[in-house]
Each structure stands twice: as structure tokens, then as C-alpha cells.
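Chemist: Chain by chain, the residues:
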Amino acid sequence: MNLKDKIEILGKMKSDLAGKDFLLTWEKSEKDLRIIIEVATILKEMRAQNISPRVFDSGLAISNFRDNSTRTRFSFASASNLLGLAVQDLDEEKSQIAHGETIRETANMISFMSDFIGIRDDIFLGEGNEYMREVGAALDEGFLKGVLPVRPGIVNLQCDMDHPTQSMADLMHLKEIFGSLENLRGRKIVMSWAYSPSYGKPLSVPQGIIALMSRFGMNIELAYPEGYELIPEIVEIANKNALQSGGSFSISHSMSDAMKDADIVYPKSWAPYNIMQQRTQLLITGDKTGLKELEKVCLANNAKFMDWEYNEAKMKVTRNQNALYMHCLPADISGVSCKQGEVSANAFEHYRIKTYQEAGFKPYVIAAMMFTNRFGNPAEALKSILDRNRKRVGL
Amino acid sequence: MNLKDKIEILGKMKSDLAGKDFLLTWEKSEKDLRIIIEVATILKEMRAQNISPRVFDSGLAISNFRDNSTRTRFSFASASNLLGLAVQDLDEEKSQIAHGETIRETANMISFMSDFIGIRDDIFLGEGNEYMREVGAALDEGFLKGVLPVRPGIVNLQCDMDHPTQSMADLMHLKEIFGSLENLRGRKIVMSWAYSPSYGKPLSVPQGIIALMSRFGMNIELAYPEGYELIPEIVEIANKNALQSGGSFSISHSMSDAMKDADIVYPKSWAPYNIMQQRTQLLITGDKTGLKELEKVCLANNAKFMDWEYNEAKMKVTRNQNALYMHCLPADISGVSCKQGEVSANAFEHYRIKTYQEAGFKPYVIAAMMFTNRFGNPAEALKSILDRNRKRVGL
Amino acid sequence: MNLKDKIEILGKMKSDLAGKDFLLTWEKSEKDLRIIIEVATILKEMRAQNISPRVFDSGLAISNFRDNSTRTRFSFASASNLLGLAVQDLDEEKSQIAHGETIRETANMISFMSDFIGIRDDIFLGEGNEYMREVGAALDEGFLKGVLPVRPGIVNLQCDMDHPTQSMADLMHLKEIFGSLENLRGRKIVMSWAYSPSYGKPLSVPQGIIALMSRFGMNIELAYPEGYELIPEIVEIANKNALQSGGSFSISHSMSDAMKDADIVYPKSWAPYNIMQQRTQLLITGDKTGLKELEKVCLANNAKFMDWEYNEAKMKVTRNQNALYMHCLPADISGVSCKQGEVSANAFEHYRIKTYQEAGFKPYVIAAMMFTNRFGNPAEALKSILDRNRKRVGL
Numbered sequence: 037m038n039l040k041d042k043i044e045i046l047g048k049m050k051s052d053l054a055g056k057d058f059l060l061t062w063e064k065s066e067k068d069l070r071i072i073i074e075v076a077t078i079l080k081e082m083r084a085q086n087i088s089p090r091v092f093d094s095g096l097a098i099s100n101f102r103d104n105s106t107r108t109r110f111s112f113a114s115a116s117n118l119l120g121l122a123v124q125d126l127d128e129e130k131s132q133i134a135h136g137e138t139i140r141e142t143a144n145m146i147s148f149m150s151d152f153i154g155i156r157d158d159i160f161l162g163e164g165n166e167y168m169r170e171v172g173a174a175l176d177e178g179f180l181k182g183v184l185p186v187r188p189g190i191v192n193l194q195c196d197m198d199h200p201t202q203s204m205a206d207l208m209h210l211k212e213i214f215g216s217l218e219n220l221r222g223r224k225i226v227m228s229w230a231y232s233p234s235y236g237k238p239l240s241v242p243q244g245i246i247a248l249m250s251r252f253g254m255n256i257e258l259a260y261p262e263g264y265e266l267i268p269e270i271v272e273i274a275n276k277n278a279l280q281s282g283g284s285f286s287i288s289h290s291m292s293d294a295m296k297d298a299d300i301v302y303p304k305s306w307a308p309y310n311i312m313q314q315r316t317q318l319l320i321t322g323d324k325t326g327l328k329e330l331e332k333v334c335l336a337n338n339a340k341f342m343d344w345e346y347n348e349a350k351m352k353v354t355r356n357q358n359a360l361y362m363h364c365l366p367a368d369i370s371g372v373s374c375k376q377g378e379v380s381a382n383a384f385e386h387y388r389i390k391t392y393q394e395a396g397f398k399p400y401v402i403a404a405m406m407f408t409n410r411f412g413n414p415a416e417a418l419k420s421i422l423d424r425n426r427k428r429v430g431l
Numbered sequence: 037m038n039l040k041d042k043i044e045i046l047g048k049m050k051s052d053l054a055g056k057d058f059l060l061t062w063e064k065s066e067k068d069l070r071i072i073i074e075v076a077t078i079l080k081e082m083r084a085q086n087i088s089p090r091v092f093d094s095g096l097a098i099s100n101f102r103d104n105s106t107r108t109r110f111s112f113a114s115a116s117n118l119l120g121l122a123v124q125d126l127d128e129e130k131s132q133i134a135h136g137e138t139i140r141e142t143a144n145m146i147s148f149m150s151d152f153i154g155i156r157d158d159i160f161l162g163e164g165n166e167y168m169r170e171v172g173a174a175l176d177e178g179f180l181k182g183v184l185p186v187r188p189g190i191v192n193l194q195c196d197m198d199h200p201t202q203s204m205a206d207l208m209h210l211k212e213i214f215g216s217l218e219n220l221r222g223r224k225i226v227m228s229w230a231y232s233p234s235y236g237k238p239l240s241v242p243q244g245i246i247a248l249m250s251r252f253g254m255n256i257e258l259a260y261p262e263g264y265e266l267i268p269e270i271v272e273i274a275n276k277n278a279l280q281s282g283g284s285f286s287i288s289h290s291m292s293d294a295m296k297d298a299d300i301v302y303p304k305s306w307a308p309y310n311i312m313q314q315r316t317q318l319l320i321t322g323d324k325t326g327l328k329e330l331e332k333v334c335l336a337n338n339a340k341f342m343d344w345e346y347n348e349a350k351m352k353v354t355r356n357q358n359a360l361y362m363h364c365l366p367a368d369i370s371g372v373s374c375k376q377g378e379v380s381a382n383a384f385e386h387y388r389i390k391t392y393q394e395a396g397f398k399p400y401v402i403a404a405m406m407f408t409n410r411f412g413n414p415a416e417a418l419k420s421i422l423d424r425n426r427k428r429v430g431l
Numbered sequence: 037m038n039l040k041d042k043i044e045i046l047g048k049m050k051s052d053l054a055g056k057d058f059l060l061t062w063e064k065s066e067k068d069l070r071i072i073i074e075v076a077t078i079l080k081e082m083r084a085q086n087i088s089p090r091v092f093d094s095g096l097a098i099s100n101f102r103d104n105s106t107r108t109r110f111s112f113a114s115a116s117n118l119l120g121l122a123v124q125d126l127d128e129e130k131s132q133i134a135h136g137e138t139i140r141e142t143a144n145m146i147s148f149m150s151d152f153i154g155i156r157d158d159i160f161l162g163e164g165n166e167y168m169r170e171v172g173a174a175l176d177e178g179f180l181k182g183v184l185p186v187r188p189g190i191v192n193l194q195c196d197m198d199h200p201t202q203s204m205a206d207l208m209h210l211k212e213i214f215g216s217l218e219n220l221r222g223r224k225i226v227m228s229w230a231y232s233p234s235y236g237k238p239l240s241v242p243q244g245i246i247a248l249m250s251r252f253g254m255n256i257e258l259a260y261p262e263g264y265e266l267i268p269e270i271v272e273i274a275n276k277n278a279l280q281s282g283g284s285f286s287i288s289h290s291m292s293d294a295m296k297d298a299d300i301v302y303p304k305s306w307a308p309y310n311i312m313q314q315r316t317q318l319l320i321t322g323d324k325t326g327l328k329e330l331e332k333v334c335l336a337n338n339a340k341f342m343d344w345e346y347n348e349a350k351m352k353v354t355r356n357q358n359a360l361y362m363h364c365l366p367a368d369i370s371g372v373s374c375k376q377g378e379v380s381a382n383a384f385e386h387y388r389i390k391t392y393q394e395a396g397f398k399p400y401v402i403a404a405m406m407f408t409n410r411f412g413n414p415a416e417a418l419k420s421i422l423d424r425n426r427k428r429v430g431l
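Each protein sequence line maps, in turn, to chains A, B and C.
FYI, in the numbering used here the residues of the first sequence are 37 to 431.
FYI, in the numbering used here the residues of the second sequence are 37 to 431.
FYI, in the numbering used here the residues of the third sequence are 37 to 431.
Because the hints were derived from the structure by calculation, they are not lab data.
Hints may be right or wrong, so weigh each one.
Chain copies aren't distinguished; within one or between two, either way the pair holds.
[Claimed, not checked] Each computed DMTMM-like pair below joins lysine to aspartate or glutamate, with the alpha-carbon atoms no more than 20 Å apart: (1) 419 x 269; (2) 50 x 416; (3) 340 x 44; (4) 332 x 269; (5) 427 x 93; (6) 352 x 41; (7) 181 x 125; (8) 419 x 93; (9) 427 x 163.
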């Protein structure tokens, strides 16, 4: 289908995304999620065809990373740049931002000429998403009271609850692999815990995956060793979503069993929910001895489940011995990035390039979130871009 | 008044700002200061109306912060971006720049494609402004001798003597609140020291305020506990300015008394001039014990003046019990950002949003400084922007 | 000669640079080197005439510095900005990139919307250039397998073997000084070791100079105290180049003798090749005691050659007592940046401004490398820019 036709089909869906932050996929209607996927697909194809979708002549996109990151940082920078925005880092070591009054003030101070703020805050359980909402409320006030000429949109670049730019990129990848969102209906996807020699990995990816994929009629199996629970409220959301969308949702405790007849597998380590709660408390109180102690206990516990490695033996029991392997990267690859990890080198190599492609959707998902925040009728705006026909590179 | 009319009025003033650095407000004529305020006002309104005033297709704006900063950093980035320049940080930890030969060389090395260098250097008394002039002299030489295709303009983003982007933003704020610069004539503004639990706060804000506001026929009262003097030469400049502009200038030593019938109050902590001199010496010699000692003495001294807090009792004696409260932010707010500080939470809350608005003028002031540095006839250039009618966002 | 004529002459040379990385000058044909010099000259003149050569509406240029740098960092940022690309730093402290699997993955993760990656990696002998090739191979794979929409070009911003953006800028400088590349034929250039109170300075500049200047019929004299050898393979390349181009190449061990009748002198310190090999091993094994020991031995050895300072006495024996002095900067200037160094203050001052001009070619050389990577027919693209006639600054 050519771009014009895609845009025309998009035009039949009415977007409710304009002026709204993107914080959690489960706050968005299925239609709005589809719109983002479509806009992202169109932007990706435009760039591939050397059509520049630049819509900002100037403007800033603030990058607020309260945690390290390479790929999400670059994805945000790429998306911003594609649309014409310059990235400005809010480096907290340099600028000391915090909660309360400080948030309210800083949010306004950085936003006089900002169009978007991308935030990553996934260290403290119960904090990251709340922080984003505090920033949002401060921006609302600032805009309402004439401090800000524009209400900057917030894009959640990972929090304690969800990682929507990741899960949406993953969904886009699935759409591409299986041909359409409709084709995902009835597919079995296994979101499985996997062994890792590190500890404290965030819950946002598995939570984001089960909460989003359950919207499209898939059969979700969440597998983990007993004790490695996710946030119960989000598991409940996934469960409800699955029921509503005509799919299913189940929890199991054997990786090998879970993989049976899977169409898609997503083996990835995470820390148990209650451990993350304890860790959050220790981090808040600055209890370094406690943190070391907890790490020791956790790693010892992890070590009981070293057989939770995705490998060719487990691949064999999947659909056609060939389930699509997914990962948000970087994966802990046995014998490559660690001695023993989430996935065997062989199993990973089968899908290495596909995981790169999976990651490649993220910049466009972010760009689509920005685009639909600004343009109430994205199809119309995209059509204007097509008509303008400005080259991204060249004369 | 619409943009076209504002530009026409601006066109009647002949600018002498082209090609000159902006280092101290007292080096500029009143007319040139008015031009900057007008250009900033027009740029702000253009952006609000989604008109892009971008005038650079490419070019760098170098951001050289020798001290931490969030709001000025973002203001500089915003202004640069609005006009089409990309910000490039000169990070001294990474690049080791210093005085003498090194300044001369580095100034040229970073400027082959630079249009502006924004410098913040307010730590050492007697150093910051001098450093900027050293950079300026190096750029003059480089341009004269064909090293640089363009002489980059320097914008003082705070030095030991002045903080012109702050004071000019404050002036713009006053103009907006009181309707015109003419309406400031005869108003009483109190620049008052206030208690803070920290020490070593720069003198540039109070100095900048008294030296600038005294140009416009206002009655300046500078209030501080005895011993908390500013740089005498700058106080003298303020005094002379006041006489020339038909206003007045006085110094007093009671915050409560000073506030009587004030139209505008600016309560803000600073370190005494002679302490800053001692501190500079200790910093230069790297005398850590001496610095600790000095801090102790200062904090003890500060603590004698904890009643120098601006609060509702003090508000009550101001004009209509309602003087405009100003601050460069962040303020030390009692019970919020510290136990006891410059301003009570209640008093601050009355004007919190207004202080945000005050800060919101800074990016436009910086943009206007850049704009008038490049365009000898700013009105003509602004008219061309209006005629071009390019959208900042949209198609 | 005007721009149009220059472009026409350029149009007669067929470029083979499109789509290829620029890693070592000796991998490029003489014709391709000439094309880069011509394109850089034209871009420089365009900017001087306020013609914007921007050819990217959006796109990223990744800056990957594995070593500190101010001037090359700014040169890369300037070149990227001139063509319309936004710089995104890959900060390894933040992002932990390494060899093997990690390179392969990271190279793709940062490149979804990248057009160029500039890499500086000159610390480990035998590593820097290899690292760039590893990145290149990863990008080839990513592009081939549909991960990347564009194969980003790599620009070597200094490695263990060559520093091509420096040597090409130096060549451009020589062309400007002597009027043409043809006029360099038969000139004597002395690449000489010089004393420095520091140790471990990279070999890439002297290697880059002898390997490049030997392509243009010059008489190269490489002078150093015995024991301060460069990488033998690269010396051999310079030797062969000189023979082929009708110049000459010789090695000598007295700075004073070498300077006799020199047209051009390039006195610069470097560490001996075998010391760099030992140092690399110690760095790899993390042997801090060994490194300290080695430094001590080296500095003691350097100190035997403190008379290897370029000064007015040595100037006197050069052609017309006035050889062109070159340096990549910063130079170790006796009595200025150190007690005793590579060059006396007097000798340096004669050519200080010229060394700034020399450095000023680097941004354009980098821009030309990028430009010719993207446009198979650079003359045609430059002609379109001329016809488009877009201003860099102004309306």
C-alpha cells in the first residue's frame, strides 16, 4: 500500500491524543494506540523515501533521564530531530531537581520554549510515574496561568510501571512480522522471566508487554519462578484486557512448559516486586549495607533458576520450532555478555538481527506520540507533508 | 498594539548594538536598552502567534558555563534555538580552558563557525567580567586577522559584576506589569538583602538590579544589614544613574522600614563584598581550611539577621499592601526549600506564578541581544520575518 | 577564481568517495584527496559569502570521543551543523560501549537516524583504527539486513595510525599558503620530534603528516632522536609515496641539521612506538605501577633531548630564515604553557595566527568528507546550492 492510501485509511480514525501526555498504554483507547502505530509506520516510510516530515522550524525537546540509557536516549533524540526539535538535556547532576516545590518550578523554568519533555525514571518503585504526573500538573498550571506559551507534552521513556515506547515499538514489530494487528489474534506470546547474573532489573518491560499485548486478542502467558511477581494491579489490568479483547491470560512457573507452541517468546530478567519494594526503601534511606545484603540474597535466589535460559532446546517446543524471539536489548547472552544469562548464544543469534529491527521502531513510535500530541488530525498533517514533498537529504 | 505597529515604532530608534558584546547594562545607552526590550517583546509575541523568527539556517551558539545553572542554561539554549542556532557546550572539565595564552587560543578554536558565546562566570570577584573581555579581545584579533569569518558576539550570562540577562528580563516584567517603562517613573523599588541559610551567593543580581532600574526614573532603596555591602563602584553607578534619570537612590539598614510604601520588592540574599574578596583569595590559593572557617563565620553572621525574611507582615506596609514581589529564582522559601529563608511560604505563594512569568522573559531578552548584535536595523529584519510569515510549528 | 568556476573545475574530477568511510588517507586516491580539498575550499568560501550549504533537513551526526578533545569536537560539531545535522554525543561513561557483540549492537542502536559517526580513539596502539572498522562492519550488516535505512559514514577523528582530518586541514593550509598543491612540489617539509615535559603523546599526527605530504612531490624529512620511531609500516608507506610522487623521504636524528633550508617545519612531540606498545599492554592489564614506572623512564629519556626545541636559532637556518611553522595545537610553548617545551615563545609568536588559520580548515575538511560521502557528484550538488542561493544568516 502506498503512503497516500495509508494516510487515507488513517484519516478514518478520529484521534483523541492531541494535547495529552503519553504515560501508560492502558490509559489510551485501542483506537488511539492503532493511530500511533499507523502514524509511526507512515513516518518510517516517509523517511525511507527521503521525505522530510519536519514540522517544527524551532523548538526544544527536553530529555530528562534519571537513569542511564543509550538506546532510548538516542531514540528520543532521533524522533525529536526528525520533527525539527533540538534536544536539550536536563542533567540532574548539574541542576539538582527534586520533588515538590522544586518540580513545580523547574518544570516551568525549562519549558518556556519546550514542546516535549521525555522522562525516564524507573529506579524507585511507586515514584517514576508519579513524578511524571507531578511534572504534568506543574505544566498544566504554567500553561493555564500564562507562564508557558505551549503546554509541552510528556513522553514516558520508562517508569516503574510501564515502558510504553518499548512496548509500542514491540507491537509495531509484531505487526510487521505477522502482517497486521488483526493477525496477532489468537497468537501465543510468552513473557518469561529469565536468569541474569545481575539484580534490580526494572519491572516496566514485562509489565508493559503483558498490559499492551493483551489488548489485541493474544494469548498471554506470563512465566516466572515463584516469588518473582510483578505489580499485582498491572497483572490484573493485563488479565482484564485479555478477557475484553478475546484473548487469554495465564501465569505459570516453568519456562520450559510455557514455551510450548509459543508463537512469540520474550525471555527477560526482572527483580521480584517485593524485592523492588524493599530496595526502594533502602535507596530512600540510603542504607548501603542493607542494599549490599539485599543484593547478596537476591543473587543467591536468582542462582536457583539458572535453567531459566532461553536456548535451542526450548526453541524446539515452540510453534514450528521457530517462535519469534523478542528482547528490549541489551540481552544477557550466555558466553557472550556474561557467563550464564537470559539466552544462549545460539538461540540469540537466530534472532539477533530481528531484535535490532525491533529496536528500530522506537524512534518512530516516539515521533508518532509527539506528532499526535500536536496535530489533532494527524492524517491531514501527514498529507500536507506528502504534498510539500521536502527532501530529508539533498537539494 | 499589533506587531506591525510595534515594529514601526521600534524603527524610529537607531540601534548602536550591532557587532557589540553585551557585558554590562551600564555600558549601553538607555535607547539601546529600550531597543532590546522592544525586540524581545516582539519576538515573544511572534512566537506566541506561531510565527518563526528563525534567521540562521545554521550556526553555533557556544554555551560556556563556569558555574552550575539550569534556568540560564535553558534560556540561552531556547534563545539560540529560536533564532536557528545549535548550542554547543564548552565543558571545561572536558576541555581544560584557562587564562592567558590558552584563552586566546581556545576562543578562536571554538569559533570557526560560532555566532555567539554565552558565558557565565560569577565565582571569583574581579575575574568573571575580565574573563569575558579577554575572550572578546581574542575574538577581535581572530576576526581582524582572518582566522574567523564572523566575530561571534558575547552575551554575559552572569559575572561577578552584573547579570544583565536577569535584570533586563526583570525590567521587561516590570514593563508588562506597569504598562510601560514610562510608568515606572517615581515607583519605589526595594532591593533588599534577605536571610539565607547558605553563604557565598553572588552579588551580580542586586548589583544588576540597582544599576539598571536606576536608569528609568525609579526610586531605588537598597537595604541590607550593615556589613553586607555591594561593590562600591557599582553602587556609585546606581546613584549617578538615579540622579540623571530623575529618580532617587538611598541605602538603609532595616528591611521592615525599607518596605514602607514600596511598589516593588526584591528580597534576595547575597554575601558581603569583603567576604567575597576574602573568599576569592582563599579559592585562588585553594585554602580549604580557610574556606570552611570563613563559611562558619559567615553563617554565624547571617544568623543574626534571620528576621530579614520577607513575609505577610512586611507585605502589609507596602503600597496597597500589595507590592510586586520579584526574585531571580530559586528563592529560599521558609518551610519549603529550607527551614528559614528569604521569604515566607505565604508571601511567596502570592507571587509564585508571577516569578515564573518574570523568568519567562529571559529567553527573549537573550534572543534580542543576539538579534540586535547581528542586525543593525532590527525593525527592518523583524518586518521581513513578519512578511515571510513562516510557521514555527505546522505546515 | 569565483565559486562557479571552481565548481566547474571540480566537476571534471570523478569522485569515488560516495558511500565510503574516511579512515586513512593512504586508502584514498590522490584524485579523491584533491576532490575533498576542493569541496572544502568551496564550502569555506560559500560560508564566507553567507551562502548556506545545508543539505540535510534533519539527521544526526554521532560524536564518539573515546578521548578528550576540544578542537576536533568543535570542528565535527561545526561541520555537522553547517550541513544541517544535529550532533548527538555517545558518551561512553554513560553508555558503556566496548568490543565484540556490544560494538555490533550499539553501532546499530545509535544509527537508526544517523548519517555520520565521527570517532576518536587514539589511546591504544593497534586498537583505534580496528575499532572503527568493527563499527563499520556492524553498520554494513545493519544496512544490508534492513535494520538501518541509511549506512552512516564513519569519519576518523584520530586513531592510533592516522589523523586524517588534521593532515588534510594541514594540506589545505599549505595549498592556501603556497598557492596550489602543484606549488608544493619540491618543497622541503620537516616533520620533527620536539621535546615535551609530558609523555604518551599519540603518533597519529606525525604519521598522518608524512603519509599524506609525501603524496604531493614534497621532500619529507622525518627527524627524531634515536629510539623515537613511528610505526614502521606507516614510515614505509610514506617512503613509497614519496618515490611515486617524485619527492623524497629521509630520516635524520638532529633537529638543527634537519631544519636547514626547510620550507615548512612541523616540530611536535610524540612517544616512541615501542613505548606506546608497552603502554598499551600496561593499560590493557591495568598495571598502574608499571604505567608509573614507564612514565618515569620515558620522562627521564625525553629530558635528554631538551634541546629539541624549535626556536629562532633554528628558524635562522630554514629557507629565507622564515620556514612556515605548523602545529596541530595546543603546542607546548616554553615559558608559556610549560617551562621548557616544543617551541620557544618567540618562534611560536611569529606563526601563532597562522596556526589558528591552519586549524580553521578542519571543520571544512570534515564537512567535505561528509559531503562527498553523500553526493556521488559533489560538483553538481554544490552547483545546486549556488543556484538555490539560501542565506546562512538573514532573510
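Chemist: Give a verdict on every hint.
Modeler: Here is how each hint holds up against the structure:
no. : hint      : in the structure
1   : 419 x 269 : neither (41 Å within a copy, 58 Å between copies)
2   : 50 x 416  : within (11 Å within a copy, 44 Å between copies)
3   : 340 x 44  : neither (54 Å within a copy, 72 Å between copies)
4   : 332 x 269 : neither (28 Å within a copy, 52 Å between copies)
5   : 427 x 93  : both (15 Å within a copy, 7 Å between copies)
6   : 352 x 41  : neither (40 Å within a copy, 67 Å between copies)
7   : 181 x 125 : neither (26 Å within a copy, 32 Å between copies)
8   : 419 x 93  : both (18 Å within a copy, 18 Å between copies)
9   : 427 x 163 : neither (43 Å within a copy, 38 Å between copies)
Checked against the numbered hints listed earlier, the structure breaks hints 1, 3, 4, 6, 7 and 9; every other hint is satisfied.
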